[in-house]
Structure formats: C-alpha cells, structure tokens
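**Q** For this one, chain E is given, so just place chain S with the ligands on it according to the hints.
The residues making up each chain are set out below.
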Amino acid sequence: MADECLIRAVELGKDYLTAADTFFPVLKDIDFAIAAGEFVAIMGHSGSGKSTLMNVLGCLDTPSRGHYYLAGQDTAALSSDRLAELRNRIIGFVFQGFNLLPRVSIQDNVALPLLYADVVKSERRRRAQAMLERVGLGGYAERLPNQLSGGQQQRVAIARALVSNPQLILADEPTGNLDSQTSEEIMAIFGALNAENGITVVLVTHESDIADYSRRLIRIVDGRIAQDGPTAQILEPVRP
Amino acid sequence: MMIGPLLGEGWQAMRANRLRTFLTMLGMVIGVGAVILMLAIGQGAQMMVNDSISSMGSNLFIVLSGSSTAGGVRMGSGSVPTLTLGDMQAIAEMPEVAAAAPALPNTAQVVYGANNWGTLVAGTTAAMLVVRDWEVVKGQPFTESDVRAGTRVALIGQTVANLLFGEEDPVGKTLRIKNSPFQVLGVLGAKGQSLDGRDQDDTLLVPVTTAQRQLFGNQFPGMVRFIMVKAKSAEFMAAAERGLTDLLHTRHRIREGQDDDFTVRNLTALAQAAAGATKVMSAMLGAIASISLLVGGIGIMNIMLVSVTERTREIGIRMAIGAKQGDVLLQFLLEAMMISLVGSLIGVGLGVGCAWAVSRFADTVVVVTLSSILLAFGVAAAVGVFFGFYPARKAAHLSPIEALRYQ
Ligand SMILES: Nc1ncnc2c1ncn2[C@@H]1O[C@H](COP(=O)(O)OP(=O)(O)O)[C@@H](O)[C@H]1O
Ligand SMILES: [Mg+2]
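Residue numbers (the working numbering), protein chains in the order written: chain E, 1 to 240; chain S, 1 to 407.
Not one of these hints is a red herring.
Here are the computed distance ranges between Cβ atoms for each label pair:
(1) 15/E x 385/S: 36 to 46 Å
(2) 81/E x 381/S: 20 to 30 Å
(3) 73/E x 405/S: 24 to 34 Å
(4) 144/E x 306/S: 18 to 28 Å
Here are a few chain S residues that face chain E, going by a calculated C-beta distance under 10 Å:
(5) 6
(6) 400
(7) 401
I should point out that these hints are in silico values taken from the structure, not numbers from a laboratory. The beta-carbon is built from N, C-alpha and C at its ideal position, and this holds for glycine as well.
The following block holds chain E by itself, in its conformation from the complex (with noise of 0.2 Å):
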C-alpha cells in the first residue's frame, strides 16, 4: 500500500521551542497519504501549520513524531546527501516569496537545478530554455530577476521547480503575492501540468478560488487535519 502513494505521513508531529523554553506543537497526529497524480489543495487559517508541513513533506525540515515516506522511503533515515538529491530529482518547490537568485539571469535560475543534477552545459540550456518557453517567458532568458514582474517571477519560479522532471510539485501559497488574473494564470500552468503530464500537485492557499483548481482538499485547524475530501464536495456549502 505504502507503495502506491507517492506521499504518507503517519502520525506525524512537529513542535516548535518556543522563546519561553517549552515545546509548542505546530502539527499534531497528521495522518495521510497523496498518490501520484493528485491534486491536492491545503487550505487553513494563518498559522494553522500548513507551512511547516510543506516543509517537512519537501524535506527541507524533519518532522519531531512519526514518520514522512516519500516515494516510499522513511525519509527519517536518509542521510542529508540523499534527501538533496530527492530535492533535486522528486521534488520541485514553489514559493511564495520565488525565492530566485537575485544576481542570475532567469536561465541560469531555472538551469540551476540541473547543475547540481551534474547535467553538461548545453543541456542544461536547452532544458531550462524549453521550461521557459513552457511557462511562456521564452525571450527573457538573459534578464536578471528584479526586471520581471511577480507574476512572471513565479512561472520562472515554477520553470525552475519543473526542469529537473519531477514527479511533485510542492507550492506554498504560490500566488499569495500575485494579483487575481496573474494568479488565475499561475494556476492554469499548475492545471495543465497535472493534467497533462501527470505531475502531483500540492498546493497551500487560504482563497477558495485557487482551492477551486485541486480535486481533493486538506483543511487543517490548528495543526491537526479536519477536513480531507474532494474539494467540490467540502466548497460547495459554504459557496452563497
């Protein structure tokens, strides 16, 4: 079973030391799994913990109780070289901030994966260009990132999460800094990307909108797991 999921939490816990020396728990009891080719959208209030879980599934963080697998291996058991390479070849990450490399150029930003990935040269061109023409930014390529709009910031972003053909893409809030019709943009890539190619989506929002985008729904209230169903079903009610 574990197999078939790309993605599964059991029991899985994170606490926070807090400034007064005592443990906060963030995430409680999260139990779940997302199998390849799922939409998931995760909704929940400021602070619900719905970042820090982001983190721990992209493996950028470890989680304090239970067990991650992801791709079917405990990733608690990795050493820090393999989890950078899951980094580099599973997961692709979307922020909301883009976090592009300010002083790169918008093609070497998205090739920048590939070289860790040890690609030659003119691969690693041609593969960040194809991304870029993907995402509709084919003629910037020698722009540095601060001569491009947010919007267009976050496709280079999502370019970058995409060169290295991962099987996941994990997005936290990614048009939480962008306007409605950019952000309708943004999510038709992430539509089209599932659709299309077959890639997982996992993405953060707290706008019904873009959660309108996914067909399965995690809500989560502080830091536990309310609500999990297909977004039509959980949306619907509250919908006038």
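**A** Then chain S with the ligands, alone, in the frame of chain E:
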C-alpha cells in the same frame, strides 16, 4: 558537482562586491608582495656575502698588530705596529702554512696625468697574490728582487685602473704616489665588494719595503700593520692557528700571563659566521613578511563569514533545489581560493616589480627566484583553503529551512 560553473559563480560573487573583494584581495597582494620582496632582498644579501667570501680567498688568517683582548684604555688592534717582516718570514716557513704576506696599508693620493684619486696603497709582497687568490690580469706581478731592492713599482686594482687610466693601457705607465713616480707593472683582477662593504678593487699594491722606506714607514720603521696567512688546507686551520700563536709568543718574548701584542683572527671562520648571520636574517625577513600573509588570510576569513551570513537565504534556496553540503562547501571554498589566488597573482607582480625597483634605485642586490614565487603562491593557496574552510563549512552545515527563513 562540476567545478567550472562554480568558478563562474564565484567570479560573479566577487564582481558583485567589487570594492570589498578588492580590499580583501589587497591583504593577499601585500602579503605575497612582501614575502617575495623580502625573500629577494635576503637572497640578494646572501649572494653578496657569498661573493665576498669567495673573493676573499680560502683558509685565511689575519695577524694584527696589538691585542684585541686588552681593556678599553689600550689602543685598538693595529694602531701601534708590532709585527715585522721577520715575523712574516717565520710564519711563511711554518709547515701548516701555504703562504704569508705582510701589509702596510695607508691612504694616499695617486695621480696620473690630469687624474687623481685617493685610494688605499698597501705595501706587501708577491705572496699576497697567492694568499688572496688574486691574479694579475694584465702585465706582471712584482718580484722578490723588487721587494728586496724597494723599487717604485705598483699593481693597480680595477677601480684605480678605470679611474686613472680610462681606456688607456696602464701597464708600463708611470703614476705618482705622494709625488713619487711609480711604474705600473700590472693590473689586478676584479674582486668586488668585501664583507664589510669596501670596494676591494679600489687599491694599489707596492713592494712592502718601498712603502716602509719611501711612503709611510717613517713613524715605525721596519714594521708592518698586519700579516695575511693562508693555511695549506682547511684541515690545517686549527694547527696553523696554534702554531702562529706559539711562534709569535716566542719571537716577541711574551711569557705566560702576559698580554699578547698581536691578534690572530680566523677570517674564514668569520666569513662563515657572516654567511650564517645573513642566512638567519633572510629567513627572518621572510618570516616577518609571512605574518602579513597570515593577516591577509584572516581578512579573507572575515569577509567570507560576512558573505555567508549575507547569502544565507541564497544558500537555503540552493539547498531547496538540490545542493548538497559538499556543493555549498566547495562553492564558498572556491570563492575564498579565488580571492587569495587572484590576490597573490597580483602580489607576485607587485613583489617582482618592487624587487626590480629596489635593485634599480637603491643599489642593492636583490634576487627573485622561481622557488620564492612558487613558495609565496603555494602559501597563499594554502591560506585561502585554510581560512576559507571554516566559513564554507559553516555555510554547508546550515539547515535548509533555517537558511530559507533567514531574513
Ligand atoms: N521557526 C519557528 N520557530 C518557532 N515557531 C514557529 C517557527 N515557524 C513557525 N512557527 C509557528 O508555527 C505556527 C505555524 O506556522 P506556519 O506553519 O508558518 O503557519 P501557516 O503557514 O499555516 O501560516 C505558527 O504559530 C508559527 O508562529
Ligand atoms: Mg505559511
């Protein structure tokens, strides 16, 4: 991961903070430049000393008039001549001694035509040429009979020959010393500087008897100021020194407990001491200069630590997209090494340039060797690695999430 792209990124990072990179590099530039310059000066000094030593002649003693062990009230050694030509003869006959020659030196004005020059005129015998390994490159040396008869003949050093005769051939010409005419018999080969920095070619040799009777012997007739002695070989040095002392004790009737009226100095040993001292001095120069390399290295470490802190977020981003600890370590290590290597490359240029300027304008011998350049370069690279390692390791050990959250 491949080094090529990392070098490119390092270069970008260096360019992004040009002034800072330049100032950090300056530490290495000055450090490497100083090491190369100091080694060049030290090696130049060593070369000069070695040249002087080989020009002095080998297995040499000098026997001076007067006692060096006497108290301050006494006059310095050589001020009152106590040595005679008889002493010299007796020394020359010792079995350990290859040759001995007297010297009665004094400064005098020498005139040829319209040219005149104050130089050191030394009364001696032909044996001096053997003792000092000095050859006559033009003309003839003077002979026993010149010494016996006290003829007015002279051998002139290169400097005197150049100053008085210029392009002319001095052999056979007549010059005047203290207004007496002397015939130039020959020209001595070049010796260069002595250990105490005198020009050994700025001299003129005349028969000792001539010097005693006609030039400056009036005050202490029949005496010489010092005797130079050459032992048969290095193994005979100790025996020769003992023999010399015993012989002069007997001849001067000095009993045990009495002060000597002469001093024997082992010039070869003195020269070796001078060479040793120069070696130590040049090592010290190099060591002091290396301290500036160390300071340069600390500058690199400092700036790399600042850079790691400033770029914490960048490190987090790189880790999030797949950089391993080793990749981050290598990136920052290469950056530190690039600063130190580019800095030391400029430093080599600066050091060689300064060495050239010193030799050109300060009239000092400096010797830049390839090995000193390689040494400075190697040390600089090591400094880059050593001082770059801690900041690079610090960067590599950041946790991805902490680094990403850093504002
Ligand atoms: N590094 C940290 N140290 C301590 N507390 C933290 C840290 N990061 C987040 N928290 C706390 O954990 C809770 C959940 O944060 P987060 O996962 O960012 O929430 P969300 O993304 O849902 O808004 C918040 O109360 C926040 O204050
Ligand atoms: Mg958040």
